[in-house]
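Produce the entire structure from the sequences given, and follow the hints as far as they go.
Numbering-wise, the sequence shown is residues 115 to 183 according to the working numbering.
Any given hint could be a false lead.
To be verified - Only pairs whose alpha carbons sit at most 20 angstroms apart, straight line, appear in this in silico SDA-like list of lysine to any residue:
id : residue 1 : residue 2
1  : LYS136    : GLY124
2  : LYS136    : PRO149
3  : LYS136    : PHE150
4  : LYS136    : MET115
5  : LYS136    : LEU126
6  : LYS136    : ASN152
7  : LYS136    : LYS153
8  : LYS153    : THR135
Claimed, not checked - Using C-beta positions, here's what the derived DEER-type ranges look like:
id : residue 1 : residue 2 : range
9  : VAL148    : ALA125    : 26 to 34 angstroms
10 : LEU131    : THR155    : 39 to 47 angstroms
11 : PHE150    : ILE118    : 17 to 25 angstroms
12 : GLU122    : ASN154    : 38 to 46 angstroms
13 : VAL148    : MET117    : 36 to 44 angstroms
14 : ASN154    : MET115    : 21 to 29 angstroms
Everything labelled a hint here was simulated from the structure, so no lab data went into it. Heads up, the beta-carbon is just placed ideally off N, CA and C, and yes, glycines get one too.
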Amino acid sequence: MRMIAPDEAGALYIDHLITATKTDHRYQSPDLQVPFVNKNTENHWLMLLEMSGKNTGYCSGILDRNSKE
Numbered sequence: 115m116r117m118i119a120p121d122e123a124g125a126l127y128i129d130h131l132i133t134a135t136k137t138d139h140r141y142q143s144p145d146l147q148v149p150f151v152n153k154n155t156e157n158h159w160l161m162l163l164e165m166s167g168k169n170t171g172y173c174s175g176i177l178d179r180n181s182k183e
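Structure follows, in structure tokens:
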């Protein structure tokens with residue numbers, strides 16, 4: 115995880131941060147945070163949205179990133 119702070123001084127409070135969680139690859143849930151999970155799935159709602167031509171831009175980053183790998 116990388117955090118970039120602004121130039122001005124201040125405080126940053128982080129609560130409920132889990133940095134090492136296991137991802138169950140059996141569930142078809144690729145998203146912006148875990149695009150590598152079942153990246154070749156064709157029946158996840160993000161993929162269906164992309165194929166429907168009604169992509170609002172949310173899943174285009176996921177699909178673009180997966181196609182480069």
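Comparing the hints with the structure gives:
For a cut-off of 20 angstroms, the pair hint linking LYS136 to GLY124 is broken: about 33 angstroms separates their Cα positions. Restraint check for LYS136 and PRO149: the C-alpha separation of about 14 angstroms stays at or below 20 angstroms, so the hint holds. Of the pairs offered as hints, the one joining LYS136 and PHE150 holds, with about 13 angstroms between alpha carbons and a cut-off of 20 angstroms not exceeded. The straight-line distance between the Cα atoms of LYS136 and MET115 is roughly 16 angstroms, inside the 20 angstroms bound, and the hint therefore holds.
Distance restraint check for LYS136 and LEU126: the Cα-Cα separation of roughly 26 angstroms exceeds the 20 angstroms cut-off, and the hinted pair is therefore not satisfied. The hinted pair formed by LYS136 and ASN152 meets the criterion: a straight-line CA distance of about 14 angstroms does not exceed 20 angstroms. Restraint check for LYS136 and LYS153: satisfied, since their Cα atoms lie roughly 17 angstroms apart, inside the 20 angstroms limit. Under the criterion of a C-alpha separation no larger than 20 angstroms, the hint pairing LYS153 with THR135 is consistent with the structure, at around 19 angstroms.
Under the hint 26 to 34 angstroms, the C-beta atoms of VAL148 and ALA125, about 30 angstroms apart, fit the expected range. The hinted range of 39 to 47 angstroms is not satisfied by LEU131 and THR155, whose Cβ atoms lie roughly 28 angstroms apart. Evaluation of the 17 to 25 angstroms hint for PHE150 and ILE118 yields a pass: the beta carbon distance comes to about 24 angstroms. A hinted range of 38 to 46 angstroms for the beta carbons of GLU122 and ASN154 is consistent with their spacing of about 45 angstroms.
In this structure the supplied range 36 to 44 angstroms is violated for VAL148 paired with MET117, their Cβ-Cβ distance being about 19 angstroms. Checked against the hint of 21 to 29 angstroms, the pair ASN154 and MET115 passes, with Cβ atoms roughly 27 angstroms apart.
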